[in-house]
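Number of protein chains: 2
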Amino acid sequence: MAEDGTATKPRVTGGGVADGGGLLHGGDLDGARAAFPEAPEPWVDLSTGINPWPYPLPPVPPQAWTRLPGRAEEAALRTAAAACYGAPSAELVAAASGSQALIQLLPRLRPPGRVAVVEPTYAEHARCWRLAGHEVRGVDGADRAGAPAVDIPASDVLVLVNPNNPDGRLLPPERLLHLAQAQAARGGWLVVDEAFADMEPEQSVVRFAGRPGLVVLRSFGKFFGLAGLRLGIALAPAGLAAALRDAVGPWAVSGPGLSIATAALGDGDWIAGTRGRLDEAMARLRRLLSGAGLTVVGGTALFCLVEDRRAPGLYRALGEAGILVRRFEGRPDWLRFGLPGPEEAWQRLSVALDSRGAWEQGGDKVGTVQPSKKSAS
Amino acid sequence: MAEDGTATKPRVTGGGVADGGGLLHGGDLDGARAAFPEAPEPWVDLSTGINPWPYPLPPVPPQAWTRLPGRAEEAALRTAAAACYGAPSAELVAAASGSQALIQLLPRLRPPGRVAVVEPTYAEHARCWRLAGHEVRGVDGADRAGAPAVDIPASDVLVLVNPNNPDGRLLPPERLLHLAQAQAARGGWLVVDEAFADMEPEQSVVRFAGRPGLVVLRSFGKFFGLAGLRLGIALAPAGLAAALRDAVGPWAVSGPGLSIATAALGDGDWIAGTRGRLDEAMARLRRLLSGAGLTVVGGTALFCLVEDRRAPGLYRALGEAGILVRRFEGRPDWLRFGLPGPEEAWQRLSVALDSRGAWEQGGDKVGTVQPSKKSAS
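Protein sequences, first through last, are from chains A and B. In case it helps, our numbering puts the first sequence at residues 695 to 1071. In case it helps, our numbering puts the second sequence at residues 695 to 1071.
Incorrect hints may have been included.
Computed list of chain B residues with no C-beta within reach of chain A, every gap over 10 Å [as the list claims (entries may be wrong)]:
# : residue
1 : F730
2 : L751
3 : A795
4 : L983
Stretches of chain B that chain A covers, calculated by requiring three or more beta carbons in the stretch to come under 8 Å of a beta carbon on chain A [unchecked claim]:
# : stretch
5 : 763–772
6 : 899–910
7 : 921–931
8 : 961–971
9 : 1039–1051
Residues from chain B that face chain A, not an exhaustive set, calculated with beta carbons under 7 Å [to be verified]:
#  : residue
10 : P755
11 : A758
12 : W759
By construction, these hints were calculated from the structure, which means they are not laboratory data. For every residue, glycine included, the Cβ atom is placed at its ideal position computed from N, Cα and C.
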């Protein structure tokens, strides 16, 4: 895929990767069990983009559970996040109980205005800006994002995910800085959701945090494999970071969450080792999918995107084998695969892909699993 | 103290128990260490209303950390909360990462209007309604709340804490139901913050949850002694509860938090035993304070309020002995004492109270510890 994403030409209209009734998040094993009651247990959940080899939990001091998190604990977390992600200062950092909370809060820190979301992408962005009263429209990522900044229609806020979910489209830092500058010139923001940027720190714009108009979001749980801990980080100019901290309110992140994340963000050896491990695992997954005759059109080290007209049949065949992948209501020809963890999960995926008879007849009809609002992303 | 609180006649003007610069929360050990650098370590923190004997942590399944919390886990928590608190249905329950988050959210679910807060009380209520654009005024709890409902001036929202913090003033359920009915009749709400109601379940209005206009808040961390876990519960008519869940957003409470709280809320034996233990401990604390010549004017089983003109001197003497209690900028004659936990903490408090020479000369000047926004409540 080209760096500007033109190779994938994704196009999902009407609010991004969503369906009419609710957002189609990954991780809905309950829904999958209901749809495939005969599937073997345990399920192999490849529907999320979460590292299957989590950061080993350090001991948590009992006071982290019993006391309200103090200013010192929160300051330590912000310092560790700034250092790990490469931000100039902990003053530019705001923490919340998940990046979802930040995605919900940001739209309330501006008066209603015009918002452009580069699509297709994680649909919560468009949904939350719209809910807060902004006028949201999608900008086609394939056609527009690669073009000069002046081509992106004037909006008060421009939102993009980089690298993008689900196609992995990646805009280089210099491109993003141009966009941020253009947004700042009109008193606006560029929001860069770097939920999947941990693998490629040189592509992150966090080191430029503090520049006017630039807002960066990071997700702790995906790369560190601790999605249940609930921690999201925003990096923004100091005034906006302070406003975000106020809007989040005191004690939003749990004491154990602060304690564990502060240790994890400071563990350079684990981070470096994990980057290598995930790279290898993703190369293996791509080989497995290609070997089954599937075309991988994009992704990151935590997920990859398959485009194939047989995708609905493949989704069903995998479901019957107890393997859940991510599909997209607006794009029945897409399936997103996360990384299997245990060797047994790899083997089950391999066997299911090998049983081509079960899915090669797949048509264009999307299966019947109901979308859900409350399952994993 | 009379049930309607008339015995205490507290009166704090200008936004409740706060100071000009920021809210004066408890738990600010960092600030205390800075103000009393010679104090012995470890500090005895009596400035919060948190049970010092926490619920023993059950084993947490690893997936609670690694996966996003699922719908089943959240539903289990809501069911356990409804059962423990005595609500008619889990549909009436919304959970957030701390009751502070709910206090921040509620004001955004109504158009700006007139809000009355029965004072003095936990100052975050008035602050958050005001921040969201509502017109807030304090209603004197001593003069007004004991009078018939028609005497409370017409407001779209009436907020009270029951039992109240810091004076323990308690309105009986029938009184609250009248108020809720009056609020509902004008399309308004009665918000009852039951953060300290776990000790007296018969005084709670949770069993009436679902009635129009009645919104009840519960705090998990105080009674269960796990304030760092971050869990607050709202109980409201089904439509409002659903709106609150939407406003909180998905995955706000951590996976381990859901897992531990679901177990704790269902542990009737521990809950009953803890009620007895806290009652005994509070009786001991009141005896200790009375024995030192101090007047306890109110409280709950988790804190008690001393009213004495020597309070500033006592605050300083306790600080020099490494014991932190809660004071109130608008009421220099008040100090709130939480429960000591370990026997050593009781002994240190006893010794400090016995050294009357150190504090009996105390004047009316409030000490110099700076208030902080981010420390414990």
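Hint-by-hint comparison with the structure:
1. F730: About 17 Å separates F730 (chain B) from the closest Cβ of chain A, which puts it past 10 Å; holds.
2. L751: Since the minimum Cβ distance to chain A is about 6 Å, L751 (chain B) lies within 10 Å and the statement is violated.
3. A795: violated (6 Å)
4. L983: holds (23 Å)
5. 763–772: holds (count 5)
6. 899–910: violated (count 0)
7. 921–931: holds (count 4)
8. 961–971: violated (count 0)
9. 1039–1051: With 0 residues in contact (Cβ-Cβ under 8 Å with chain A), the coverage given for the stretch 1039–1051 of chain B is violated.
10. P755: Violated: closest Cβ of chain A sits about 10 Å from P755 (chain B), beyond 7 Å.
11. A758: At 5 Å from the nearest chain A Cβ, A758 (chain B) passes the 7 Å test, so the hint holds.
12. W759: holds (5 Å)
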